[in-house]
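Asks: Read off the chains here:
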Amino acid sequence: MSALHPTSRDFKANVRKAMADETLQKGLATAKLGFRNRRAAAVARLPEFDSLRDEARDIKNHVLAHLDLYLEAFEKRVTEQGGHVHWARDAAEARDAVLAICRAAGARTVTKGKSMISEEIALNDFLQDNGIEPVETDLGEYIIQLRHEPPSHIIAPAFHVMKEQVSDIFHATHTQFDPERRLDDARQILDEARAVLRDRFLAADVGITGANFLIAETGSTVIVTNEGNGDLTQTLPRVHVVLASLEKVVPTLEDATTILRVLARSATGQEFSSYTTFSTGPRRGEDLDGPEEFHVVLLDNGRSKMVGTEMQDVLRCIRCGACMNHCPVFGVIGGHAYGWVYPGPIGAVLSPSLIGIGEAGHLPNASTFCGRCEEVCPMRIPLPKLMRHLREREYEARLSPAAVRWGLGAWAFLAKRPALYRLATRIPMRLLGALGRRRGRFGSLPLAGGWTASRDLPAPQGPTFQDLWQRRGGRREASR
Amino acid sequence: MPDARPNVALFVTCLVDLFRPAVGFAAVKLLEQAGCDVAVPRAQTCCGQPAYNSGDRGDTAEIVRRTVPALEPFDYVVLPSGSCAGTIRHHWPGLFADDAAMRARTQAVADKTWELVSFLTDMRGMDRVDASYDGVAVYHDSCSGLRELGIRAQPRKLLGSVAGLTVRDLRSPEECCGFGGTFAVKYPEISGRMVEDKAADIGASGADTLLAGDLGCLMNMAGRLKREGSPVRVRHVAEVLAGMAGEVPPIGEGEA
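Residue numbers (numbering that gives the first Met the number 0), protein chains in the order written: chain U, 0 to 479; chain W, 0 to 255.
Chain U with its partners taken away, still in its complex shape (with noise of 0.2 Å):
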């Protein structure tokens, strides 16, 4: 999988591969609960959390109702402090606005920080194939670039990987180490993975990282890490270019902060994440560091499209993942079987929207509808009933498997006609009722394989409740 090469169409198949896959689901099985355990202690010590959700909602819905006005008022005040924001329609046209700054600055090597719009347009394999080295310097990105991965979580993109892999892949990669070196712990593959970067950090020409937040009234951008490895990358090269799509605007730093408040607690269980750093325009005379130059590649690819329909929910989303942590499917299934850059309940949702539903159409079935993800979404986003619109537009548009539509005709047909439904039913279940009696279930029944595959299917009683019911006189004892 690549961004340019969804697989959502082969979810099936992917779902198999991950079940199949025992390191990643040993991953999964302690990874889901840690962050479970962080977010709900964290929540726990905050009590005006939820009227923070609700603010934070509030300023998303005001900005997605005066889009324009935010981000022709960010570009205003970006240009105004010498810096230059590039608007791109679609991926090809951001990759083209980042190779452009890059051959303009004559870039052979850029760093990176975490950014989900660089996953979203393939930026890397696009530089590289333009003979620029892009080096990933958050320590889970640089570990799936060597493993040549997609992410497999929004906020912790190499979830799947174990430390195991971890020491294997910087075995095989830092050569210039001694070969018997132990990579145990954590520390160990840090502090390897530091003295790497350093080098990568100073020799950069260019820098290049995501954001959490543009904010109109200054024309700053906010990027929050763990690592300190975005201030790195924006600091010491001589350009930053910032890649952001359209709806990260919010108007005021108060905005920027209010939403800061549930957006670490959702992702991680931290209060603040380790550094929250605003940048704004390019080093100004009295600056002792910052870039020379400073771009901001703002990504359309769709989303405004989205605005003004009944999708438009979606666009309030930080990307702070507590959608997926708590998803019970992708807790089975992890990152990568979704097939594309954004995977769990808000991939269900945006994938569908941004490649397209005959691609992504599997997503937004493959939910139960707990509605847990919803439960802990920090910005209210009504991600259950979404993917019950693109089972709709799915639906409209003709593209549910055959048999799916086939058997739900025939069913609606019936239940829309009561009478003829306890007709249709009465027989059918006194037969199932009268096979199951003696051992009260089926280990497999034709046209239930997929049920019984992994459980057995209870009998009904055999008489339905309308029959009884009826027999009884309308009453609750048979009349005696």
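Heads up, some of the hints might be wrong.
[What the hints assert, rightly or not] Distance condition first, Cα-Cα at most 25 Å in a straight line; then the derived PhoX-like pairs of lysine-lysine:
id, chain 1, residue 1, chain 2, residue 2
1, U, Lys384, U, Lys31
2, U, Lys304, U, Lys11
3, W, Lys156, W, Lys28
4, U, Lys162, U, Lys16
5, W, Lys185, U, Lys16
6, U, Lys162, U, Lys25
7, U, Lys25, U, Lys11
8, U, Lys304, U, Lys75
9, W, Lys185, U, Lys415
10, U, Lys415, W, Lys111
11, U, Lys384, W, Lys111
12, U, Lys304, U, Lys384
13, W, Lys111, W, Lys156
14, U, Lys162, U, Lys31
15, U, Lys384, W, Lys156
16, W, Lys185, W, Lys111
17, U, Lys11, U, Lys31
18, W, Lys185, U, Lys11
Because the hints were derived from the structure by calculation, they are not lab data.
Put chain W on the given structure of chain U with help from the hints.
Replies: Same frame as chain U, but now just chain W:
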């Protein structure tokens, strides 16, 4: 004090109608004990979720349009399912965005629709039942009841008054069992793993009985437990609250 004797329509739900009428009769008994006159409108089949959750709004709306008139004459509509009650309360009215009259009628039905156990406690003031059940049970919070209707304390409160019964919680009480209606059929591998995990949690609790308020989830969990040869008895909470557990074998168990 609740109304003298409200007229209650029992919406029995398609799964209870077809698979486990005992739950319907238990619901009638409990409602009568709570001082209600109970009727079962003939013109009911299903709340429409199979179509609604498959993206088929047209058929869903048509099912609802034909069901609403049958429910309108009653003071309350009660269902032995959080999932179906949640669908009526929170989803039915939205089906008629372009039909103000039908929307208003559907909203009126939605507003008087309740899940059985929460209706008994919250609307009828029931705080104990006259029933006994010998065992240690875990109560599974079905997702829709828990998150759409806030049902958590009510069943535990009534179960607390059942003589001989001890109620425990699961280690992960908020985890979905993997049923999800058509999900269990469309994505059986994922669903199967989820219910396997749930069965492990149930097994680890040491309980001998599993109770819940939704037959879909119960059939899923019973199906897995029985496949594993587990001795855990699985029942709808209404069967135990109504003291009717002796009348039918547990879900997925035979008469032999």
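Asks: Now tell me if each hint is right for this structure.
Replies: Comparing the hints with the structure gives:
| no. | hint | in the structure |
| --- | --- | --- |
| 1 | U:Lys384 - U:Lys31 | holds, 24 Å |
| 2 | U:Lys304 - U:Lys11 | violated, 29 Å |
| 3 | W:Lys156 - W:Lys28 | holds, 18 Å |
| 4 | U:Lys162 - U:Lys16 | holds, 21 Å |
| 5 | W:Lys185 - U:Lys16 | holds, 17 Å |
| 6 | U:Lys162 - U:Lys25 | holds, 12 Å |
| 7 | U:Lys25 - U:Lys11 | holds, 20 Å |
| 8 | U:Lys304 - U:Lys75 | holds, 23 Å |
| 9 | W:Lys185 - U:Lys415 | holds, 23 Å |
| 10 | U:Lys415 - W:Lys111 | holds, 22 Å |
| 11 | U:Lys384 - W:Lys111 | holds, 23 Å |
| 12 | U:Lys304 - U:Lys384 | holds, 19 Å |
| 13 | W:Lys111 - W:Lys156 | holds, 23 Å |
| 14 | U:Lys162 - U:Lys31 | holds, 17 Å |
| 15 | U:Lys384 - W:Lys156 | violated, 31 Å |
| 16 | W:Lys185 - W:Lys111 | violated, 33 Å |
| 17 | U:Lys11 - U:Lys31 | holds, 22 Å |
| 18 | W:Lys185 - U:Lys11 | holds, 10 Å |
Of the numbered hints given earlier, the model fails hints 2, 15 and 16; all others are met.
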